[in-house]
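Asks: Turn these sequences into a full structure, and let the hints guide you.
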Amino acid sequence: MDVSSGSPAISLRGVVKRFGPITAVAGLDLEVPPGICLGLLGPNGAGKSTTMRMLTAQAIPDEGEIEVLGYKLPGESKQARAECGVVPQLDNLDVELTCRQILTVFARLYRVGPRERAAAVTRALAIANLTERADTKVDELSGGMRRRLLIARGLVHRPRLVLLDEPTVGLDPQVRQELWSLIDGLRAEGTTVLMSTHYIEEAERLADVVEVMAAGRIVARGRPQELVTAHAGRETHEVYGPPARLQELRAQGEAAGWTMRRSGPALAILHAERHDGTLPEGVRRAATLEDAFVVLTGEEIE
Amino acid sequence: MSTAEAAPIAAAGGRPGRRRRRRLHRIEPRAVFGVMSRDATVFTRSWKTTTFSSIVEPTIYLLAFGFGFGALISSIGGLDYKQYVGTGIVATAVLFSSAFPGMYGTFLKYRFQRTYDAFLAAPVDVDEIVSAEILWIALRAGVYGNAPLLVAIAFGLDPKPTALLVPLICFITGAGFVAFGVMLAASAQSIDNFSYITSGVLTPMFLTAGTFFPISSFPAGIEAVAKINPLYHCVQLVRDAVVLGIDPLPDLGHLAFLVAFALILWRLAIWRLRKRLID
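Listed in order, the protein sequences are those of chains A and B.
Under this note's numbering, the first residue of the first sequence is numbered 1, with each subsequent residue one higher.
Under this note's numbering, the first residue of the second sequence is numbered 1, with each subsequent residue one higher.
Please note that the accuracy of each hint is not assured.
What follows is a set of in silico ranges between Cβ atoms, one per label pair, in the way DEER data are often shown [unchecked claim]:
no.	chain 1	residue 1	chain 2	residue 2	range
1	A	Ala215	B	Lys275	23 to 29 Å
2	B	Ile228	A	Glu189	56 to 62 Å
3	A	Ala188	B	Ser187	29 to 35 Å
4	B	Arg267	A	Val16	26 to 32 Å
5	B	Ile228	A	Arg111	49 to 55 Å
6	A	Arg123	B	Ala40	19 to 25 Å
Hint data in this document are derived by calculation from the structure and do not stem from the laboratory.
Idealized CB from N, CA, C, for every residue including glycine.
Replies: This is the structure in structure tokens:
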């Protein structure tokens with residue numbers, strides 16, 4: 001198997017995808033080594049979902065090359081899809097079916113043999129903690145349960161690569177925690193995971209390696225802590241005050257060459273350790289991935 | 001797969017994956033049956049409404065025309081009018097149970113439920129999705145198409161043994177019309193577009209198929225146009241199989257027309273749906 005012999009689970013080289021006048025993906029290079037969880041972190045509209053769809057040949061790139069599990073796309077995409085599990089961002093569960101029925105249909109589609117099928121479905125139900133809801137129709141499930149079922153559907157054939165597109169978008173914090181431990185469990189088993197997200201906390205919590213995507217390109221890559229150190233430094237200095245005062249401070253900072261961002265009601269000065277002694281009174285805290293993300297993508301976090 | 005399992009394979013070196021690689025063909029029975037199994041599972045819940053609408057409507061036509069007109073017209077071309085309509089209306093039943101599910105079902109599945117998106121993320125291609133939908137709905141049409149015939153038999157129609165070919169005729173005709181429905185669904189901007197098709201194409205088709213009156217009563221030009229209506233060929237075949245007796249050469253022609261219609265529309269449906277689903 002290519003993955004275990006060390007070649008990347010996914011590799012994209014110079015991938016471009018246009019939709020009419022819009023370039024969604026603009027020359028993307030990305031490699032996902034086997035056995036890790038790679039977080040594709042970027043603001044909405046960065047091209048993450050388009051990238052995910054290209055990995056299953058549901059979108060065909062205009063330029064560039066894509067390989068998934070050693071298979072060249074789009075020609076060998078079907079073989080690649082047979083060996084990976086996909087959890088889409090948008091819920092596309094069959095509302096008329098029960099959890100067990102959905103998993104059984106997908107076990108068939110993933111070519112799980114008739115003798116192993118029931119066991120595969122039972123196992124997937126257990127992973128998603130839906131054993132007791134096995135015979136409940138999808139439209140009677142809560143949002144969190146539906147999302148877990150969506151994940152179980154992508155795992156029913158024990159894939160060695162899992163693609164998660166914004167796995168916890170729109171879910172409440174408690175459900176998000178549940179899903180995070182589920183995804184953590186996958187990683188612990190050695191499954192390669194590619195996860196797109198626009199939640200910094202999610203990338204920080206789950207990803208071994210984060211690739212920051214903005215405007216259709218990768219703008220930075222590294223372990224979360226490396227990204228923080230490289231792009232936001234060690235410490236961040238937050239200054240609170242009336243808007244006029246912060247405005248004035250921003251002008252002063254620009255002259256002095258500070259890296260700054262708005263952080264809620266405060267003005268945050270990054271790489272604070274470089275400007276010791278010159279900064280106005282404020283609150284010192286450790287730099288975060290959010291600081292680095294804002295610097296890299298130019299997007300303010302709400 | 002756990003790393004513990006993967007490690008020995010890695011240690012063996014080389015590219016063992018190459019040997020394990022199974023060529024997945026463009027249309028694989030397992031994928032087609034997988035998609036059909038989804039439809040069949042849904043059907044276990046919805047069969048009552050589907051069966052009701054597919055059977056009742058043509059039966060009402062049969063009773064209304066058979067007994068209504070039948071009282072005025074005793075026979076057409078040597079056939080008792082009830083026999084004439086009873087065999088003709090089979091094509092109507094096939095149309096209702098194939099074109100409509102093909103149109104509405106496909107549209108709902110790709111637009112609102114995104115079912116096809118889910119399939120395409122698994123090792124299933126558009127060709128297989130379309131083939132599965134056609135096979136499944138055509139199988140149903142192959143069954144529902146017999147309903148009016150059974151009603152006609154209950155009212156005294158005496159079928160020839162070749163009437164056993166009727167389910168096959170219904171299946172082939174149905175396959176073409178499901179594909180027609182899928183193609184339209186994949187091309188439609190909104191579900192309202194289907195009203196144009198229903199009023200502008202399907203209704204005229206079933207009224208001019210030779211179901212209620214022979215198309216030879218039309219002016220020559222219109223009669224020629226009516227002959228490219230697949231339902232006309234279905235009606236002729238069914239009528240021959242059930243009451244008139246098989247007439248090999250013309251009936252082979254009718255059959256060939258229906259098969260060609262199904263095959264062409266099958267490819268067109270795949271082409272349209274692929275355009276819709278793959279960016």
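Asks: Compare the structure with each hint and give your call.
Replies: Results of checking the hints against the structure:
Our hint of 23 to 29 Å for Ala215/A and Lys275/B holds, since their Cβ atoms are close to 28 Å apart. For the pair Ile228/B and Glu189/A, the beta carbons lie near 60 Å from each other, so the given range of 56 to 62 Å is met. A C-beta distance of roughly 47 Å is found between Ala188/A and Ser187/B, which places it outside the suggested range of 29 to 35 Å. Here the CB-CB span from Arg267/B to Val16/A is close to 30 Å, well matched to the stated 26 to 32 Å.
One distance hint, 49 to 55 Å for the beta-carbon pair Ile228/B and Arg111/A, is violated here, with the actual separation near 42 Å. At about 24 Å, the beta-carbon gap between Arg123/A and Ala40/B stays in the expected band of 19 to 25 Å.
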